[in-house]
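So for the sequence shown, this note's numbering puts the first residue at 1; every next one is plus one.
A portion of the hints provided could be inaccurate.
[To be verified] In silico BS3-like pairs for lysine-lysine, Cα to Cα no more than 30 Å straight-line:
| id | residue 1 | residue 2 |
| --- | --- | --- |
| 1 | K397 | K665 |
| 2 | K310 | K356 |
| 3 | K752 | K842 |
| 4 | K515 | K548 |
| 5 | K839 | K901 |
| 6 | K356 | K80 |
| 7 | K515 | K471 |
| 8 | K181 | K255 |
| 9 | K85 | K118 |
| 10 | K130 | K181 |
| 11 | K85 | K310 |
| 12 | K310 | K255 |
| 13 | K80 | K413 |
| 14 | K752 | K861 |
| 15 | K839 | K896 |
| 16 | K80 | K670 |
| 17 | K665 | K416 |
| 18 | K956 | K991 |
| 19 | K449 | K118 |
| 20 | K444 | K665 |
| 21 | K696 | K332 |
| 22 | K839 | K919 |
| 23 | K670 | K444 |
| 24 | K896 | K966 |
| 25 | K80 | K403 |
| 26 | K839 | K403 |
| 27 | K561 | K548 |
| 28 | K332 | K403 |
| 29 | K696 | K80 |
Simulated from the structure, these hints should not be mistaken for lab results.
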Amino acid sequence: MLLLSKVDADLLQLKDNAFDENVINLYLGDSQNGINRDVKSSAEDGRSSFASTVELSNNSHISYHLSMDNTIITLYPVEKNLFKKTINLFLPEATMNQHHTLTIQEFNGCLLINTILKNGIYLLIELPLKYIFSPRERLDHDWFKAFNPYDFTVRVPHLLFSVSPQFLVAFLEDGGLLGLKQLNDTDVEPILFNDNSYLQSITSLFYGRNSHRSEKAVSCILYEEKYLVILTQHCHLRIWDITTFSLIQDCDFTKEHHFENVDISSYENPGRFVSLFSNYLVVYLPFGNGIFEIGNLTPGSRGRINFTSKGVFTANLSSSSIWSLVDMTLLKPLDLNLTYSYANLVVLWKSGTVSKLQILNILDEDLQAHEWIEATNRSLSDIESEQDLNVNSDAEKGLFNLKSRYQSCLFEKAQKILSENNIIMLPGESELMDYLANLETVLKDLKSKSDEVSSLSIYRDEIILVNSLQKYNHSVYKTNTPLENIYYNIHSESNDDELTRYLKTLHGFSSTISKEVLKDVSERFIGIVSGAVARDSSPNEKFTDIFKSCLENKFELSNLKLLFNELSSFDIIPTLNEFIEHNLEPSVVNPSDFVDSITTDSLATVATLESLRQQVTIQRHFVLQILLTFAFLDFDFTAFEKQITSLLDYHFKQSLFLELYNIDKTLLTKELLTRTTDHGCGISLLSYAELHNYLKYALSDFYETPISINPYFLGFYRSFILQTGVPNEKNMLSPRFLLQNVCWPFHLRGNKVHEFLIATILFACEQYAQAFDYFHLHDYPNTIADCLPDCLKELQDSDSNSIWTPLIVSFTVPHRHSSYEYELSVLFAEIGSYEFALKSIKRSIEYSMREISIDEPHDFKQAQIVQYLDLLFYFDMFSEALDVLRLSPSLSQEVKANYYKSILESTQQSGPFFATLLKLCHSHDKGQLYLPPEDYQIIDKIILSHITDNSWVNLKKLYSFRVINKHERSAVEALYAYAQRVGYDPEAKRKCFLLIINTLSTFDDEQDQWLLNGCNIVTLCELKAELRRL
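All chains, full assembly: derive it from the sequences and hints.
Here it is, written out as structure tokens:
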């Protein structure tokens, strides 16, 4: 039975893109100048040959990796300060026999690293813990030492074991044991154990004889700090007394199990083949499919220690695959809710890149009765990844699914691989889907490789932590909730209770319906709660509508009949009540039932988020299946009203949670921790019980939040919409996908606050036409000012620099309607949507004209008119613009002059504007003048300033403007002045005199037929005479 589930704990998913990873490189030397040190940044990243963790005395953990070429040791804290420091130790030579000659332990406030290099050098590295955990702490000069205590090129070590910080044992390939005792800072003493391995190696060297069997050690543990318990390559269990360096017991498992003549009954490489808990010892033996033998280490005569076998258990593995043991640990019983459990053996296997975790549950102290407990060895995220491109050829949605599923580093690497193979993203939906299919294949392969396991750690003495070969990548195996057990054991045949049988029945039926149909049905259920589905219909009509629109003709009638027959055996209402009460309803959990962390705990945070996501996914899985059955049934809603209403509400919130998770895990984590922990840093991962308590508490908080004002949704809204200018490179598809996947389906129709938020989101997503409609869906200034969410009320602070601040502030002023429309116009104009900007400013002016009892500030009135003028001129609406300029009392003479000057000097608009101006002036020639005197003076002065010696065109403009505005005398005076300046050009002068004479001739009274030239009067007769002389 599957009682545990794998949860991905990739620490990189919490990385803030605003901060680069701080990588410190420490170099221990090179071939030219001996040992030196350098510190600089590095982008080195990749898989390792080995990875594990070491637990410190303060319960913190440090992960260490050995590079593929065995020359770089990488260290980083698992819980805290992950991206404040990662340390790479560059060794001068590769380690001897990979990681098997590498030990890491804590000693005297330092991390002590011992290793033997291929050149025979014994290396000691001491890194202060405060240096590892502090981003600014500097390393002193004396942090590593190199020794040559023994000629390891003659007798080659293949395994190094730490007895204490000052005493290590090197296990040699010839079967010998060599102690390495640290006498002081400069001296290491080699100590040979009392065995004949050295003589056998010399005999083999000089006479070419091979010993009966190589008895080199493959695994070792320390018992009572005095005895070395060693397992040899050919299955001998040897116990050494390290006080006398003598062998005190040699147990041959091959004879015990009658495998003494089988050559293959041996270990290929060193590994974790023995595990000790209290005085119980478990040994893995490579006999047959694998055997685990457990026994006691008990004191014998004369201070000897004996191993007494108590039980033998055969590995429970499929023979269709070749599995190798990676790691194993014997420990106290885990919290698996089992009836009997005396001890647990956690076993980690590997076949290629595929891993398998099992637990051998020993039932009682006789160490005979046992059972194998299985775990799911694919995370729920990996299981769900099969549906990522099932998007009805919506390539953009498929791309989003892949970006949500995989970490950015894997995504970038996959794209690079495709590019190197000349596979690129081409335009066109089908071509893009082909590219995404290739991309998904590479991503899955990279994910599989990054998940390849390396070792097993028991975190805080209980929690199963698996370390992967990829840096920062771990996985936690968590104990399942009852509902998770049902989900993962849905196909098992066992004696089930009624609720389990009911859920299995629903699962069996729903599995016959396609994923696309289930997705459509889910969206319709969300629509029932949001009001998107027929708000005026009765509940029964809504379910009928879902059946007709999503399910009709999309199922097999025989499957439906089978479902009805099986459902008839259940008492549905009590079963639904049990399901809701025990699996969905918020639990009463006291925050004291888990421990808050005062700093961010990376592993705990990732594990809790992924566990919570798994729990919500599984809950939603069954909730949807239950609701699905009601779409097929003709039922009395009143009988099930309480249960269905509750299930619809849970389904709505579960779907919202999962969509927020897909959009941005980091942001969801931040909102979750802020609301559910005192310091906003998450919890300390101390036990399975505390993990489950926190999950219940966090889930209760999410379920208890009202649908109308969901703080988690508002957190995303604040980040993606209100905080403009904040980069969000983690998900380049937001905020558009926030709109499509969250905001649009989950906003409550008819809720004015929700629909105002939707308006702002549509605007941020450049859907301006729809945004304009939603900005005017309700009378927002009068209706939502008092019920705005806090994130919008905060914008009313004078220090806010959000683009939305002026719009929200408009709700607080007396002239709120005109101000609201004005601010909308400014918003639309700033992004170039001038059509809607013009519509909004017109509405603003209409409100100002309608609400005359409200006194608007002069500055607002002028800003309003200026905005209107800008838009009128943008659309070349010169007639309307001139009406505003000449009639608006709010505009100062300076503002008017600036507008007239700008438009008359515009290269593109000057001509059409001036033509419109003349036309309008001419249309008023029978009555009152079109332009007020001050406007005439402004325009006249501007045109006059443009006239130069050769500006005949501008002169004509000035002449026409003055004539059309009844200023004929000043018009001809301008012509005369021009004619005097261009006397060298008879033809230009002639044109001027002709115009002057014709104009003055139109005056009825001869006494009026004159012009001023400075202080002199020039009459019409004088002008004609002068013309004749030309």
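Violations among the numbered hints: Those not satisfied are hints 7, 8, 11, 26 and 28.
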